[in-house]
Amino acid sequence: MAKTYNLGAVDYVVFGVFMLLSVGIGFYYWLREKMSAKWTTTVANEKNDEKTDEYLVGSRKMPIIPVAMSLLATFLSGITLLGTPAEIFKRGLLWALMYYSAVLAFAISGYFFVPIFYNLKLTSVFEYLEVRFHSRLLKLLCAAVFLVNTIVYMGVVIYAPSVALSGVSDVEVWKLILLIGCTTTLYTTIGGIKAVVWTDTLQAVVMYAGIGLIIVKGVMESGGWARTFEILAESGRLESLWRVDPDPAQHLSVWVVLTGGTTLWLSLYGLNQMAIQRYCSLPSLGDARKVVCLTCGMFLVVGTMACFIGVVCLAYYYNCDPVKTGVIDDHDQLVVLLAVEVLSDWPGFSGLFLACIFAMTLSTLSSGFNSFGAVVYTDFIKPTEMGKQLGADGALKVNKIVVLLAGCISTAFAFAAKPLGGIIKSSLSLLGALIGPVLGLFFLGVFFTRVSTKATVCSFLLAMFFSIGLWTLGAVENPYSGYVMPTNSSAEGCSGEAFTETPIYDYDPHYGRPGTSYLGRISPYLITFLGLVQCVVGSVVLTFAFPPGPEMFSIGRRHSLTLKGREWKFVPKPTGGVIHVHNIETD
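All letters in the sequence shown, in the order written, are residues 1 to 587 by the working numbering.
Since the hints were derived computationally from the structure, they do not count as laboratory data. Some hints here could point you the wrong way.
In silico lysine to aspartate or glutamate, DMTMM-like type, Cα no more than 25 Å apart, as pairs [claimed, not checked]: (1) Lys324 with Glu234; (2) Lys324 with Glu239; (3) Lys324 with Glu501; (4) Lys324 with Glu492; (5) Lys324 with Glu172; (6) Lys382 with Asp393; (7) Lys400 with Glu385; (8) Lys217 with Glu234; (9) Lys388 with Glu130; (10) Lys121 with Glu385; (11) Lys324 with Glu221; (12) Lys217 with Glu127; (13) Lys454 with Glu127; (14) Lys324 with Glu497; (15) Lys324 with Glu230; (16) Lys324 with Glu477; (17) Lys400 with Glu221; (18) Lys382 with Glu551; (19) Lys324 with Glu341.
Predicted model only: the values in this text are computed from it and were never measured.
Make a model of the complete structure from these sequences and hints.
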């Protein structure tokens with residue numbers, strides 16, 4: 001049975017101050033909104049757009065550094081800080097390369113995708129699909145996938161840290177779920193994107209401080225830097241960096257990292273509603289590209305620090321794995337256990353690290369809830385007759401109600417969520433299964449000018465069916481559930497405490513458990529890439545059977561919807577006149 005550790009009064013004070021600051025920022029921007037409303041007098045429709053733009057994209061006047069820090073914090077949730085060290089402790093340092101594959105993803109985003117979406121002045125990224133493919137159905141399909149994905153993923157984001165923290169503290173899981181869900185829902189609902197960005201900035205600072213603190217103190221307690229790296233090599237975790245077998249049916253390899261890792265980060269920082277919403281909140285395209293570069297640099301720093309915590313955990317617990325002794329239930333709780341043990345003699349610092357984990361979790365949740373509201377309002381409500389009749393206050397209230405509902409539903413879902421094979425695997429593989437085919441649509445829109453809409457819709461649905469099926473098969477069979485590299489646990493290392501020996505298999509668990517299917521053993525981190533490829537290839541092939549119509553020509557947009565622009569032609573009007581369909585690259 002897992003032990004519990006009681007936090008001191010100072011720890012709770014530090015943690016409480018952080019939570020109050022997060023909510024306080026939301027109230028500050030709510031008060032500013034109320035004050036500015038007294039002095040703003042505009043035409044109803046203009047005021048409507050102004051208020052919703054202020055709430056969803058900060059009137060497109062947000063400063064560079066806070067937006068970059070917000071974008072960084074958005075996708076580095078508590079899952080990162082808990083799951084990454086656990087993955088390295090269990091299976092080696094190869095996971096660290098996943099973070100460095102993001103460099104290519106950021107480069108592709110900044111050069112190819114951000115300029116197109118920024119110049120279109122989008123609030124919802126799915127608006128692009130409607131104007132590019134002349135298909136409202138395609139937009140709504142992808143928007144619906146995003147909404148489902150957001151609710152499920154946010155539920156996991158709430159649940160995973162709650163379980164990890166509860167396992168090594170005296171706080172029950174349900175209390176932590178409610179605390180995380182309610183706090184984030186409150187300040188996101190009342191404050192909008194400005195509250196999200198500035199709270200994320202605060203949370204990013206706390207995140208850096210907490211991670212740096214645990215690394216320094218953990219290394220000191222583990223015998224120093226030299227001993228830490230010595231254990232990394234001795235344990236065999238360093239050798240995993242050289243897994244270059246091209247077989248996709250393995251847990252992880254260099255090729256899986258280069259393909260699956262790049263597409264995964266591209267789906268998060270380049271073609272994700274939460275990211276695009278931040279890029280479009282900036283005053284200029286140049287500022288948006290600066291944010292891409294800044295975020296990339298900070299991402300590599302935080303990713304490296306999170307990975308190094310895994311190395312510290314390995315050094316600290318190498319002679320006595322706390323899962324084997326029953327101190328904790330799962331390796332996802334390692335980081336929290338390390339924090340409360342090595343920081344216990346510094347009053348308040350355990351509370352700071354607890355705030356760090358919550359900071360990373362709150363930032364992801366607030367961004368998800370705000371983006372959920374943007375998609376529901378922009379794609380589903382605004383185009384309807386009811387949406388057109390909403391006044392300024394009505395539109396703003398609808399947005400806030402949607403954000404509130406998103407927070408409540410995600411919090412409720414967290415009570416039913418259970419990680420499938422570890423925090424990292426359960427969250428990223430699920431995210432990848434849903435986002436891969438959507439990512440394929442944006443690749444088709446930008447790089448392939450002659451694919452037809454009908455072929456694209458059919459290929460998207462097939463790719464989505466394939467990706468979800470692959471994820472479901474892997475989740476059911478769970479072929480890597482027993483894959484944990486051995487430690488040097490011994491009776492002496494565990495001070496005489498009973499422990500369970502790491503089983504020795506007559507097969508390589510890195511390639512999955514025998515008896516499971518080949519498809520079930522395909523790396524869960526490759527699903528995003530496979531979904532993208534199937535959507536793109538399928539659309540190109542099916543276009544021969546369903547030739548394109550007007551969607552292959554420009555529709556008079558001011559800025560290009562494709563990388564090199566599309567052809568234009570004269571199209572007869574029904575009355576006998578002509579419509580000049582402009583080349584969107586030169587219009």
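Evaluated hints:
no., hint, in the structure
1, Lys324 with Glu234, "20 Å, holds"
2, Lys324 with Glu239, "24 Å, holds"
3, Lys324 with Glu501, "7 Å, holds"
4, Lys324 with Glu492, "14 Å, holds"
5, Lys324 with Glu172, "23 Å, holds"
6, Lys382 with Asp393, "14 Å, holds"
7, Lys400 with Glu385, "20 Å, holds"
8, Lys217 with Glu234, "22 Å, holds"
9, Lys388 with Glu130, "19 Å, holds"
10, Lys121 with Glu385, "23 Å, holds"
11, Lys324 with Glu221, "21 Å, holds"
12, Lys217 with Glu127, "48 Å, violated"
13, Lys454 with Glu127, "18 Å, holds"
14, Lys324 with Glu497, "10 Å, holds"
15, Lys324 with Glu230, "22 Å, holds"
16, Lys324 with Glu477, "24 Å, holds"
17, Lys400 with Glu221, "47 Å, violated"
18, Lys382 with Glu551, "24 Å, holds"
19, Lys324 with Glu341, "17 Å, holds"
In the structure shown, a violation is registered for the earlier hints numbered 12 and 17, in ascending order.
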